[in-house]
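Protein chains: 2
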Amino acid sequence: MAKVLTPRAENYSQWYNDLVVKADLAETSAVRGCMVIKPYGYAIWETMHDVLDRMFKQTGHQNAYFPLFIPKSFFSREAHHVEGFAKECAVVTHYRLKNDPEGKGVIVDPEAKLEEELIVRPTSETIIWNTYRNWIHSYRDLPILVNQWANVVRWEMRTRLFLRTAEFLWQEGHTAHATAEEAMEEMNRMIGVYADFVENYMAVPVIKGYKTDKERFAGAVETMSIEAMMQDGKALQAGTSHFLGQNFAKAFDVKFANREGALEYVWATSWGVSTRLMGALIMAHSDDNGLVLPPRLAPIHVVMVPIYQQAAQIPGLVAALQALKVKLENRGLRVKLDDRDTVKPGFKFAEHELKGIPVRVALGPRDLAAGTVEIARRDTLEKQVVDMQAAEQVIVDLMEEIQRNIFVKAKAFRTAHTVNADTYDEFKAALDGGNFVMAHWDGTSETEELIKDETKATIRCIPCDAPEEQGRCIRTGRPSARRVLFARAY
Amino acid sequence: MAKVLTPRAENYSQWYNDLVVKADLAETSAVRGCMVIKPYGYAIWETMHDVLDRMFKQTGHQNAYFPLFIPKSFFSREAHHVEGFAKECAVVTHYRLKNDPEGKGVIVDPEAKLEEELIVRPTSETIIWNTYRNWIHSYRDLPILVNQWANVVRWEMRTRLFLRTAEFLWQEGHTAHATAEEAMEEMNRMIGVYADFVENYMAVPVIKGYKTDKERFAGAVETMSIEAMMQDGKALQAGTSHFLGQNFAKAFDVKFANREGALEYVWATSWGVSTRLMGALIMAHSDDNGLVLPPRLAPIHVVMVPIYQQAAQIPGLVAALQALKVKLENRGLRVKLDDRDTVKPGFKFAEHELKGIPVRVALGPRDLAAGTVEIARRDTLEKQVVDMQAAEQVIVDLMEEIQRNIFVKAKAFRTAHTVNADTYDEFKAALDGGNFVMAHWDGTSETEELIKDETKATIRCIPCDAPEEQGRCIRTGRPSARRVLFARAY
Numbered sequence: 005m006a007k008v009l010t011p012r013a014e015n016y017s018q019w020y021n022d023l024v025v026k027a028d029l030a031e032t033s034a035v036r037g038c039m040v041i042k043p044y045g046y047a048i049w050e051t052m053h054d055v056l057d058r059m060f061k062q063t064g065h066q067n068a069y070f071p072l073f074i075p076k077s078f079f080s081r082e083a084h085h086v087e088g089f090a091k092e093c094a095v096v097t098h099y100r101l102k103n104d105p106e107g108k109g110v111i112v113d114p115e116a117k118l119e120e121e122l123i124v125r126p127t128s129e130t131i132i133w134n135t136y137r138n139w140i141h142s143y144r145d146l147p148i149l150v151n152q153w154a155n156v157v158r159w160e161m162r163t164r165l166f167l168r169t170a171e172f173l174w175q176e177g178h179t180a181h182a183t184a185e186e187a188m189e190e191m192n193r194m195i196g197v198y199a200d201f202v203e204n205y206m207a208v209p210v211i212k213g214y215k216t217d218k219e220r221f222a223g224a225v226e227t228m229s230i231e232a233m234m235q236d237g238k239a240l241q242a243g244t245s246h247f248l249g250q251n252f253a254k255a256f257d258v259k260f261a262n263r264e265g266a267l268e269y270v271w272a273t274s275w276g277v278s279t280r281l282m283g284a285l286i287m288a289h290s291d292d293n294g295l296v297l298p299p300r301l302a303p304i305h306v307v308m309v310p311i312y313q314q315a316a317q318i319p320g321l322v323a324a325l326q327a328l329k330v331k332l333e334n335r336g337l338r339v340k341l342d343d344r345d346t347v348k349p350g351f352k353f354a355e356h357e358l359k360g361i362p363v364r365v366a367l368g369p370r371d372l373a374a375g376t377v378e379i380a381r382r383d384t385l386e387k388q389v390v391d392m393q394a395a396e397q398v399i400v401d402l403m404e405e406i407q408r409n410i411f412v413k414a415k416a417f418r419t420a421h422t423v424n425a426d427t428y429d430e431f432k433a434a435l436d437g438g439n440f441v442m443a444h445w446d447g448t449s450e451t452e453e454l455i456k457d458e459t460k461a462t463i464r465c466i467p468c469d470a471p472e473e474q475g476r477c478i479r480t481g482r483p484s485a486r487r488v489l490f491a492r493a494y
Numbered sequence: 005m006a007k008v009l010t011p012r013a014e015n016y017s018q019w020y021n022d023l024v025v026k027a028d029l030a031e032t033s034a035v036r037g038c039m040v041i042k043p044y045g046y047a048i049w050e051t052m053h054d055v056l057d058r059m060f061k062q063t064g065h066q067n068a069y070f071p072l073f074i075p076k077s078f079f080s081r082e083a084h085h086v087e088g089f090a091k092e093c094a095v096v097t098h099y100r101l102k103n104d105p106e107g108k109g110v111i112v113d114p115e116a117k118l119e120e121e122l123i124v125r126p127t128s129e130t131i132i133w134n135t136y137r138n139w140i141h142s143y144r145d146l147p148i149l150v151n152q153w154a155n156v157v158r159w160e161m162r163t164r165l166f167l168r169t170a171e172f173l174w175q176e177g178h179t180a181h182a183t184a185e186e187a188m189e190e191m192n193r194m195i196g197v198y199a200d201f202v203e204n205y206m207a208v209p210v211i212k213g214y215k216t217d218k219e220r221f222a223g224a225v226e227t228m229s230i231e232a233m234m235q236d237g238k239a240l241q242a243g244t245s246h247f248l249g250q251n252f253a254k255a256f257d258v259k260f261a262n263r264e265g266a267l268e269y270v271w272a273t274s275w276g277v278s279t280r281l282m283g284a285l286i287m288a289h290s291d292d293n294g295l296v297l298p299p300r301l302a303p304i305h306v307v308m309v310p311i312y313q314q315a316a317q318i319p320g321l322v323a324a325l326q327a328l329k330v331k332l333e334n335r336g337l338r339v340k341l342d343d344r345d346t347v348k349p350g351f352k353f354a355e356h357e358l359k360g361i362p363v364r365v366a367l368g369p370r371d372l373a374a375g376t377v378e379i380a381r382r383d384t385l386e387k388q389v390v391d392m393q394a395a396e397q398v399i400v401d402l403m404e405e406i407q408r409n410i411f412v413k414a415k416a417f418r419t420a421h422t423v424n425a426d427t428y429d430e431f432k433a434a435l436d437g438g439n440f441v442m443a444h445w446d447g448t449s450e451t452e453e454l455i456k457d458e459t460k461a462t463i464r465c466i467p468c469d470a471p472e473e474q475g476r477c478i479r480t481g482r483p484s485a486r487r488v489l490f491a492r493a494y
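Taken in sequence, the protein lines are chains D and A.
Reminder that position 213 of the first sequence reads as 217 in the numbering used here, one-by-one numbering, no gaps.
Reminder that position 272 of the second sequence reads as 276 in the numbering used here, one-by-one numbering, no gaps.
If you are wondering where the hints come from, they were derived from the structure by calculation, not from laboratory data.
As the structure is a prediction and not an experimental result, all values here were calculated from the model.
Beta carbons are placed, not taken as given, at the ideal position from N, Cα and C, and that holds for glycine.
Don't take every hint at face value.
Calculated lysine-lysine pairs in the DSSO-like style (CA-CA distance at most 30 Å, straight line) [what the hints assert, rightly or not]:
1. A/LYS329 <-> D/LYS26
2. D/LYS331 <-> A/LYS61
3. D/LYS61 <-> A/LYS329
4. D/LYS102 <-> A/LYS218
5. D/LYS348 <-> A/LYS387
6. A/LYS102 <-> D/LYS456
7. A/LYS26 <-> D/LYS259
8. A/LYS359 <-> A/LYS387
Label pairs and their computed distance ranges (CB to CB) [what the hints assert, rightly or not]:
9. A/LYS26 <-> D/GLN18: 53 to 63 Å
10. A/ARG193 <-> D/ALA184: 40 to 50 Å
11. D/MET161 <-> A/VAL330: 53 to 63 Å
12. D/VAL25 <-> A/PRO114: 33 to 43 Å
13. A/ASP200 <-> D/LYS387: 41 to 51 Å
14. A/LYS61 <-> D/VAL25: 21 to 31 Å
15. D/MET161 <-> A/GLU87: 29 to 39 Å
16. A/GLU430 <-> D/HIS53: 45 to 55 Å
17. A/ARG335 <-> D/ALA184: 34 to 44 Å
18. A/LEU267 <-> D/GLY350: 23 to 33 Å
19. D/GLU186 <-> A/ARG335: 32 to 42 Å
20. A/GLU87 <-> D/GLY350: 45 to 55 Å
21. D/ARG58 <-> A/PRO114: 27 to 37 Å
22. D/LYS26 <-> A/GLU189: 24 to 34 Å
Construct the complete structure from the given sequences, taking the supplied hints into account.
Okay, structure coming up:
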């Protein structure tokens, strides 16, 4: 199997596209901007779903389901939402097809026009808060801690598999609270859940912080995000959590009677992550041979390959591998025995590397006679020959070791590519070098916009842990109280 | 808590609507025909999802995800599909909104018109087979055993929560095979999986059989279904599995090279169940007090209520219940301790009955002193006082007993309401009596149509286990080789 991926150094963007398609994760479809998520890619997303869903339930949330469609007029109800939110949406105007009277095929029935157009949800704040009006009457009905797993559509002009697609899968939490403090706590809790998931399951280190006014979600009072570094030094926003204040409660007239019997508007949060996380996972760890998957999200943990010259050798090799397979499965690992006789071991090895299977076990007649087995790890490509009796424990330990190692490696990479800049020249050079840049900024949207226009860098966030430090804005020289995180971003 | 449901005997249809809303399962939304599935209802659907998903994986299937939208022209590709399939679909014609220049709010941007309209998927055969063309080249690529969990939209004019909604949630399996035999086996396997699920988890007995030409899925060569009886004697189609022959392969030009190297069209199946199953679950078992849920699908298995006159009694009662709760949770049961002090026990009892919680445990000071506890089962409404030490095992056993009992009850009801009819008068009387009717039919679509027009009954299926029996069609008197299942249906 020849090298199938464009090397990262040659063209990072092409490498990513090659990888997504060649590793059978996703592909483009006949519908512009919409992707097909293939079984191998979907299996990773399913595991993400299951882990996150458990985390949401552990923090007291329940799932529900709201309509795919939103009446057009709902978007105008919250002024900032309609102003700031992209208007590229799929619009449903008719509800019937009919046979084309002039030939074969079908046409849209002009008589089946909707009175009010429906928008395929780009996000569900409006339809959900319209629903909450009937669910909330008193403080006893609060908090409402609801999450939805759903598809959403944003009519993006330039799309890339997983990173930016017209339709994508996501979850959106929408909570309602009696006090601002409680809602802000919820915003913080959920960005913490996301950081926990991305760091401990995806093995991608993140920087948690606050968005600037300019980058905030349309309709939010405060937006928090987690920002991850890809191998080209660009940032990818991996999750957001919003404190919506009373904006949607006011827009949809959602009030509750407090303990004293007075009516107040309800406080809100929303938070979400999407199939974009697949893009982050792929770009953070993978190499020129293919995917590198953290064991906690890998659909297959271990692949086994018998190596033989003659068919007569197969049964003995397969029996020994099968015995090890059962032991590993009993330890909770997902194991695949690749006994295809239509392709050679070298082809299989390349394919398993392309698909990022964390551990490969190879067994040949000489190993069998010697009571040994060869174990290769995907992250470092290192091989070791171990005693067959020791293999089970070695592999189980390797899972934790690989999970740890790829996180450490990604973190070291980020550390090596994060620099402080104190002048605009330093700043631009650091960006061009593929870095996260910690720099002072005067706090105005105007300067932020100016820097973006001149450098393509945006303020990814004001990190939660940014220390107070007096300085001067790299662009205007005006005073600043802390450095913020600048980067070019996906 | 007063009776909140219209009694079944008074108005079965209203009873159902009351129940769905009052038990917090689902409600209508601001979008015509689209429902909101509330957390309690969604929790039941999630369990259905999880069980079915496990069954699909155990039978070798993988999940994937295909686009929400389908290009309009795809529908015309398979002639029977476009002819027979309902044309009530949501049609996307534009991709952008803009601010209304004449005032506030947004309007559809007339300049953002799509070249080809997109249909929100009513089912995905066309887009999936268009995708499979690139996945399938040789017999080695077969079979493809893929399932998708998704939302679909059919613009129904008259909608009812869960039973018929414009948007609903479902799964759709789409498999590709090298031979007709293998595809037919798959069709049979999957209708068997559905029957297993509906009988053993939903506790609803079903009749498995073949659809007539007239009732077959548009584009299918053979359709199998499982049919369940509701308490009003009407049938509800709970799942379908289709052998599609080579129809979609031909429409989308999907060929494979067989072992001899010759090109052949691929053979297909599709199969699905939807949130309609929620309607079947509710209607099959519930009573005038509310839901009756089979333990295997109940979000909460056991609810506990402390009964006290004075606040001082609470800690002792709660401690005793808490101890039992831990024991039950260790046995895998989901237990809720209802210690609200804002409502009386009678109110709680009614609410728990409305929500169909299989077992209720009540504990008062006298029970506590005597070392006993009161256990009530939802299906029969029977109560028993048992020794606190025995309670754990009694409740665990009750789960299996209730699961078994509601199935047996539903089956006995169906048996009592299934009759043979040999004349048209008998036939009509049996239908009016709320029965499934086994009757002879001459095998023509014309007669089937005539009977439907005259009686509103349709042939639900030709049961797989219908014995050969010579007879005469109830409507035309022409010869018939076996009885088929007629009923009025949802």
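Quick one: are D/GLU186 and A/ARG335 within 32 to 42 Å, going by C-beta? With a Cβ separation near 35 Å, D/GLU186 and A/ARG335 satisfy 32 to 42 Å, so the hint holds.
Taking only the CA atoms, is the gap from A/LYS329 to D/LYS26 under or equal to 30 Å? Violated, at about 51 Å.
Quick check on a hinted range of 27 to 37 Å for D/ARG58 and A/PRO114, using CB atoms only.
violated (47 Å)
With the threshold set at 30 Å, check whether the alpha-carbon distance from D/LYS61 to A/LYS329 stays at or below it.
At roughly 19 Å apart (the allowed maximum being 30 Å), A/LYS329 and D/LYS61 satisfy the hint.
For this session: Take the C-beta atom of D/VAL25 and the C-beta atom of A/PRO114, compute their distance, and say whether it sits inside 33 to 43 Å.
Result: Since the Cβ atoms of D/VAL25 and A/PRO114 sit about 36 Å apart, the hinted range of 33 to 43 Å holds.
For this session: State, for the Cβ atoms of A/ARG193 and D/ALA184, whether the hinted interval 40 to 50 Å holds or is violated.
Result: Check failed, 55 Å falls outside 40 to 50 Å.
**Q.** Hint consistency between D/LYS102 and A/LYS218 [alpha-carbon to alpha-carbon, up to 30 Å]
**A.** holds (21 Å)
- Query: Keeping to a limit of 30 Å between CA atoms, is the pair of A/LYS359 and A/LYS387 held or broken?
  - Reply: Distance ~18 Å between A/LYS359 and A/LYS387 Cα, so the pair holds.
Keeping to a limit of 30 Å between CA atoms, is the pair of D/LYS331 and A/LYS61 held or broken?
-> Holds, at roughly 21 Å.
If you check the beta carbons of A/GLU87 and D/GLY350, does the distance land in 45 to 55 Å? About 52 Å separates the Cβ atoms of A/GLU87 and D/GLY350, which means 45 to 55 Å holds.
task: Mind checking the hinted window 53 to 63 Å against the Cβ distance between D/MET161 and A/VAL330?
output: This hint holds: roughly 56 Å between Cβ atoms.
| message | Can you confirm whether the C-alpha distance between A/LYS26 and D/LYS259 stays at or below 30 Å? | response | holds (22 Å)
In terms of the numbered hints stated before, the structure departs from hints 1, 5, 10, 21, listed from lowest to highest.
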